[in-house]
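Mind docking chain Z with the ligands on chain Y? Use the hints.
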Amino acid sequence: MTIDNPNYAYPARSTKRRGINLEKAGWIFMRVSGVVLIVLIFGHLFYNLMWTPGGIQAIDFGFVGGKFANPFWQWYDVIMLWLAIIHGSNGVRTIVNDYVHNKTVRGVLLWAILLAGAVLIVLGTLITFTFDPCPTGASAELLPSFCADL
Amino acid sequence: MRVSTSTSNLADETPKPSKNRIVGTLYRGNEGMWSWVLHRITGIAIYFFLLVHVLDTATVRISPEVYNAIIGAYKNPIMGLGEIALVGAVVLHALNGIRIILVDMFPAVTRVQRQLFWGVVGISLVLIIAFSIRHIPNVFGAH
Ligand code: HEM
Ligand code: HEM
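These protein sequences, in sequence, are chains Y and Z.
The first sequence begins at 6 in my numbering and counts up one residue at a time.
The second sequence begins at 17 in my numbering and counts up one residue at a time.
Source of the hints: derived by calculation from the structure; they are not laboratory data.
Some hints could be false.
Here's a subset of chain Z near chain Y, in silico, CB distances under 8 Å, partners left out [said to hold, decoys possible]: (1) 59; (2) 62; (3) 80; (4) 97; (5) 104; (6) 117.
Computed cross-link-like contacts, SDA-like style, restricted to lysine to any residue with a CA-CA straight-line distance of at most 20 Å [as the list claims (entries may be wrong)]: (7) 108/Y x 91/Z; (8) 72/Y x 114/Z; (9) 91/Z x 59/Y; (10) 72/Y x 86/Z; (11) 91/Z x 55/Y; (12) 29/Y x 82/Z; (13) 72/Y x 116/Z; (14) 91/Z x 54/Y; (15) 91/Z x 52/Y; (16) 29/Y x 114/Z; (17) 91/Z x 65/Y.
Don't be surprised by glycine CBs; every beta carbon is placed ideally from N, CA and C.
Isolated chain Y (complex conformation) (with noise of 0.2 Å):
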């Protein structure tokens, strides 16, 4: 069954609004995102709980140090994370809209939601650039094997 000839009331966006229509970019944003995250979100998950011997057992500081002194690692969790908390925070916004009513609480809501993923993408951005894998003063059996070369 189609509509053959669409006639509602309340068309997405006003015929009166000019320039860039921001909800249309978020929507392309959260497929755009999608397709993007799939393969790194799968990859994540594969490399640290499947590939790597030990699966979550082998989760520790030497894991972690060893990932984030490589560069392409620190590149693949930085994009993955501005992605999935943009498109997490987007999506969580939607559903705010759909839900909350109130005037008040939802402005309250939303801006809680862009306030913590802003403080989560620059404090991850910073941890995983400033990451020192080898830091001075703590015992060599919880650091990445290389540290012992420097």
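Chain Z with the ligands alone, transformed into the frame defined by chain Y:
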């Protein structure tokens, strides 16, 4: 595209109740509705996991001991089950996301959206089982 400003006529036709209908119960939709519910719930669940996950990863900046203690919380059997649930949510959300994208992009795909939904469920089950076969021994493995 011209958009008419006259009032909606979508409500003109009163829908006729079909036979075999369970009257007076909760609305239960078809595959399309369940796919939407599933996409919402998994999306929210992954979002909240991610909020915590970026913070737990950030503790690598404090000290090796603190990071190892925090990440140790992911290694007990109960969390191991939780990780299977998380991976399941990610797989379902991701594959169903592809289904949504395909339906939006190619009008012809709309005709098979129902089959695609069951395809998503089927492939997700296969991936979750494959993951569990690898993950469960790791969860219980000595370390
Ligand atoms: C793994 C790859 C992913 C794909 C392919 C994907 C795909 C999509 C698509 C296409 C939408 C838009 C649905 C619509 O406009 O109707 C969407 C919505 C959403 N996504 Fe994702 N996504 C992925 C990962 C994630 C992640 C990691 C999160 C959380 C951090 C997330 C949270 C959400 C939320 C909360 C929504 C809104 C759901 C709704 O409005 O009902 N997604 N996703
Ligand atoms: C139980 C499942 C998971 C485990 C054990 C895990 C483990 C880890 C570990 C050890 C790191 C540190 C660096 C690295 O390995 O690349 C990390 C970083 C990261 N993970 Fe996961 N992860 C899991 C699931 C996920 C999921 C489902 C997502 C996406 C929604 C995700 C998103 C990220 C991001 C964005 C980072 C980078 C954070 C940063 O750079 O500050 N992870 N994860």
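Tested hints:
At its closest, the beta carbon of residue 59/Z sits 5 Å from a beta carbon of chain Y; the interface hint therefore holds under the 8 Å criterion. Because the closest C-beta pair between residue 62/Z and chain Y is about 7 Å apart, less than 8 Å, the hint holds. Against a cut-off of 8 Å between C-beta atoms, the interface hint on residue 80/Z holds, since the closest Cβ of chain Y lies about 4 Å away. At a threshold of 8 Å, the smallest CB-CB gap from residue 97/Z to chain Y is about 12 Å, leaving the interface hint violated.
A cut of 8 Å between beta carbons decides the hint on residue 104/Z: the least distance to chain Y is about 11 Å, and the hint is violated. With a least beta-carbon distance of about 5 Å to chain Y, the hint placing residue 117/Z at the interface is held under the 8 Å criterion. Taking the CA atoms of residue 108/Y and residue 91/Z, the gap is about 42 Å. The hint is violated against a cut of 20 Å. Straight-line distance between C-alpha atoms of residue 72/Y and residue 114/Z comes to about 29 Å, which puts the hinted pair past the 20 Å bound.
Straight-line distance between C-alpha atoms of residue 91/Z and residue 59/Y comes to about 11 Å, which keeps the hinted pair within the 20 Å bound. Under the criterion of a C-alpha separation no larger than 20 Å, the hint pairing residue 72/Y with residue 86/Z is consistent with the structure, at around 18 Å. As the CA atoms of residue 91/Z and residue 55/Y are separated by approximately 15 Å, the hinted pair is consistent with the 20 Å bound. Between residue 29/Y and residue 82/Z the alpha-carbon distance is near 43 Å, which puts this suggested pair outside the 20 Å criterion.
At roughly 34 Å between alpha-carbon atoms, residue 72/Y and residue 116/Z are farther apart than 20 Å, so this suggested pair is violated. Distance restraint check for residue 91/Z and residue 54/Y: the Cα-Cα separation of roughly 12 Å lies within the 20 Å cut-off, and the hinted pair is therefore satisfied. The suggested pairing of residue 91/Z with residue 52/Y holds, with an alpha-carbon distance near 17 Å, which does not exceed 20 Å. Annotation: proposed proximity of residue 29/Y to residue 114/Z holds, straight-line Cα distance about 18 Å (limit 20 Å).
For the hint linking residue 91/Z to residue 65/Y, the alpha-carbon distance of about 11 Å falls within 20 Å, and the restraint holds.
When the structure is compared with the earlier hints, violations turn up for hints 4, 5, 7, 8, 12, 13 and for no others.
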